[in-house]
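Asker: Sequence:
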Amino acid sequence: MGFLDLFGVSLILPLLLPVVKGLGVSHVTAGCVTSLYGAIQLFSSPVVDILGASLIIPLIILQVRGLGLSLLTASAINSVYGVLQVLSSPLVGSCSDVVGRRRVLLGCLAATALSYMVLGASHSLLIVIVARVIAGTFKHSQTICRALLADVTTSEDRSRVFGTFNATSSMGFIVGPMLGGHLSELHNGFALVCNLGAAIFIINCVLCWACIPENVVEEPGEKKKKKEIQGEDNLLQMMNLVRDVDWQVLWPIFTIRFLLSFSSLVYRSNFSLLIEQNFGAGPRVIGYLISFQGVISVMAGFMTGYISRYYHNSRTELYHSSCLLTLALVGLTVAPSLPLLLLFLVPLCLSNAITRVSGTAITISLCQPEQIGSVTGLGQSVTSVARMVTPLVAGVSQEMSVYGPGLMGAAAATIGATLARYMAHVHGKLKTV
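Numbering (mature numbering (1 follows the signal peptide of the UniProt record, and there is no 0)), first residue to last: -22 to -1, 1 to 411.
Everything labelled a hint here was simulated from the structure, so no lab data went into it. One thing to keep in mind: the hints can contain errors.
Stated by the list, open to error - Derived DEER-like restraints, expressed as beta-carbon distance ranges:
no., residue 1, residue 2, range
1, V108, W225, 30 to 36 Å
2, V184, L316, 40 to 46 Å
3, V380, A169, 33 to 39 Å
Nothing here was measured: the structure is a model prediction, and the numbers come from that model. Even for Gly, the Cβ is constructed at its ideal location relative to N, Cα and C.
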C-alpha cells in the first residue's frame, strides 16, 4: 500500500524546479513556488505522506500558467495545500483514534483519488482550487498507515516495522520520477499523469478495503460502549485528544524532528537547480539521481530494523544518525564532481531513514496508546511545516551562495544532533536513578 501511494505521487516530481526555472524566474521565486505549495513530499519519509503531493507539483504550475494566470496566482493556489496539510493532519489523526483507522484510511485514499481526477479535468481556476483543497485536507494516508502499524506492533518491533514500511514505500521513487517525466511530454500529458495517479490511489483503496479488518485492535467492552455513546460528539472528542497531548513531554522530540527534516529538505528543495547549476546536468540526469536515492532509501529502510536492534536505544540511535546527516550535508555541499555527490548521497539517505524511524518510535513511546493517531498526526504537521518553509529558505540562501542550502542544512542538523545528544543524556540519567 505504501509503495503504490508513493509511486503514484512521485511520477512527475523531477520536473518542478526545472520548469519553474525555465520560466525565467530567480532561485528565490522558484523556491517560493515550492515553498508555498508546502507539501513537497520528496525524500521525507517520513514523512513520509511526506511525498503524496509530489505527483502534481510540477504539472499543476504549468496547468495554472496555461490558464493565463500569473506565477504569483499559481503560488497562492499551491499554498492552499500546504496550509491545509498542517491544519488537518492532527484532526485526521485524532479522527482515526475515534472512528477507526480503516474508515479514515479508506476515506483519505478515495478523496485523494477524486482530487487527482478533478485536477486532471481542470480547465478553470476554480476547479484547480477545489482539487487542491480536497487533496490538502485528505492526503494523510501515510500518517494513518503509521498509526495503524503502531497499533499492531510492540515497542520493540516498531523500529523494524517502520523501517520496512518506509523502504517499501520508497520503492515508488525508484520508477516514479523517470516515468512521470516521460509521460508528461506526451499529448495531454497533464491529464494522463493525474488520472494515472488517481488510478493508483483507487487500487490502494481497494487493497485497504480487502486486506485491513474493521477492528485492527479489539477494544475493551466498556471503552467500546463509551465510544458508541459519545459518537455524536466525535468532533469534540477529536479536539480534546489534541488538547490533552502532553506537550511538555513531546516538544523536545518535535523540535528535533523539525530541525532534522528542515536540514535535509533545505538542501533537497532546490536539488534540481543545484545539480543543474553546479554540474550542468539536465532533467533526465536529475531524474536518475532521484531514482538512485530511491534505491538507497529502500536498502536503508530494510536495514533500520537491524540497526535498531543493535542500539536498543532509540535516543542514542537518533543522535548518531543526526551526526551522520550533518557530515553528509557538508560533503554534498563541497562535492566537486557527480561521483563524489553520489557517494555522499548514500549516508544522506541512510541517515534520513534512521532518523525518521527512531524519531517516530520515540514520539510514539512518549504518548498514551489512545493518543497514537493524534500524536502521529501532530508529528506529521511538524514535518509539514518544515516542508512549507524550506523551499523558500533554500531559494533565498541559494541566491546568496551556491553553498547556502547545504550550509544551512548542516547548521540545522548540528543543532538537531546537539538536542538529540542532550535528550539521550537526560534519558540515560533518568534510567540510572
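Asker: Can you list which hints this structure breaks, lowest number first?
Answerer: Result: no hint breaks.
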